[in-house]
Amino acid sequence: MSFKYLVSTFCILTSVSSFSLEQIGDEELSSVSGQNGVYLSGELDFNADGGPLASSDIGNTDPDDTGAMLATWGSCAEKAAGDVARCGARMAVELNDSSGWVAYDEIKGKISFEGLTLRSREITATDDFGGDEIAAAGMTVLEIGMPEKLEFENFSYDITTSNHGRPTDTDYSQQTRYGIDFNGSVQLEGNLLVFPTGNP
Amino acid sequence: MLRLFSTLSLMLLQCGLSHAELADLTESELSDVSGEGIGLVYENYQINMQSEVMGGETGNDFKITGIKDTSAQDVTVRIGQFYLAGSGTDLGTNLAGKTVNLGRLSNPITIDLLDGNTLGGGAYADKSVLAIAMPTQVAFAQGYDCTDSSQGVGTGTCSSRPNNADGNGFRGERFDMGYKINRTFVDNAKDVNLNFHAQSANMDGSFWRFWGSDASDGVSVDGNASADSGLMMEAQINFYADKLVFNSCDLDGSTACGEQVGFEEFSMELAIGSAKYFQPLTIDVSDSGFLHVQIQALPSPGDARLPGTTKLIGADGLVGTSDAVTHAWYDDYYENGPKTNISIGNVTVGPAGVPESFGSASIQGMQIQYLEVISHEL
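Sequence order for the protein chains is F and S.
The opening position of the first sequence corresponds to residue 0 in numbering that gives the first Met the number 0, with each subsequent residue numbered one higher.
The opening position of the second sequence corresponds to residue 0 in numbering that gives the first Met the number 0, with each subsequent residue numbered one higher.
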């Protein structure tokens, strides 16, 4: 059936039909409990295979052009063998136009969570916000339910400052401020409520 | 596809089935709508990170790396425990059921883009300012004492309420927070545990503001003569606590602890940078990758950015020999400029439970005219 026929049939059906859309009464509405939430579990794995460049990629040169090192970036196995300097992701920000960069460097490892929930929630007078719920009753908020556990597996990064954005740039020089290396789980409880607010 | 939907919608309207119509919003409904920023409230919140050696789950190990001792050997810093929970956790040992709200529905944590033309007396003219703010401080009649968690309403300017404020049975908005840190050296004999705990704390009135400047604003972030464009910051960091506790225990986090230093009724109000007085905080990285943090210098008399005609201050510093407008500007800076205050109601030292009291200590009204911090290689 072509689209035109479909349209005509639809119009005739709706016009002729003895059924029409009717408003739902308050009583009927009160029995409707929309499942409006989302339950999320997830896993983020950074640079499991090293990178972001392979040691053979063009332009991925030995950082100081001396010694036996093959390239700046490569796989983590190559880094362990001393053939490359890096195998983690890098996120760098230039804070001003005087050429300095601050970076999350050598980001590697896994973060996973189970049971992050997202739902729309109406604050009611029966909630307990120590009395604030009375004035806020009826306000709709986005409720982000914290996952019970946030798991880290060999998750590590360094905070560095450097003179250029890319480690493959000429005369690249950086200083590592500190880093983290997390293994294990962090316990979380509670909800984060997000809502619009006025301009103070 | 879009056409199909529009055709169908048009048909439905023509078929005359819809009873809905657009209605005007009333004045009272409109007055409620002012959404521009985002409000955040953490409800019933707790976070706990605990390493295996301190009683956490098997395999838990949270390391901070990149720190070296004076002989350039690695120092491994391990977070034995980090917690943020409701008050009454007994230095992080009793977390079950101790949750907290951070921010109130009526006074939440906010993330907002502010109009620079309405802020700071023209200091951010024609800029957009990103502001992240903790709950604001409130009028005395509605507020709570910022440090003493036993006080009820009408005793201070903090909006965050202590646990069971005025006997309302509510968990409140003040948190217990603590770090237990183990530092291990190549030479094990030097290993040490250090702990920091804050009890019934809040950060009301704190804010962080970020904006971008260009060369025409005359700020040099790298210390040379030419102005740069870049990220500028201004912050007010308030931290109030009923008590801060510092101590050192065995590396396994057991209760075998030494004597503790306590700061009762601790109040810290750090003013960092100020757009209004041409003193933003700037962060720069030098050519060798070293960090360079500055609170820009207060303009000296004669500086072109100052108000006034000659913009000069007389040698005797009195208004009679100075440009009156410029003199008034400096007067305003010393009178109303951002000031850092730190006060401790009572310093205690000694075993937990029976410490010796050393009385109160405070720093009031400190103003930073210039700050420069540069990192160097050891």
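These are computed hints drawn from the structure, not numbers from a lab.
Mixed in with the good hints there might be a few duds.
Partial selection, computed: residues in chain S whose CB lies under 7 Å from chain F [unchecked claim]:
1. 59
2. 63
3. 64
4. 108
5. 110
6. 283
7. 286
8. 324
From the derived model, a few chain S residues whose C-beta atoms are all more than 12 Å from chain F [unchecked claim]:
9. 87
10. 96
11. 213
12. 314
13. 362
Glycine included, each C-beta is placed from N, C-alpha and C at the ideal position.
**Item:** Indices of hints not satisfied (ascending)
**Value:** 4, 5, 8, 10 and 11
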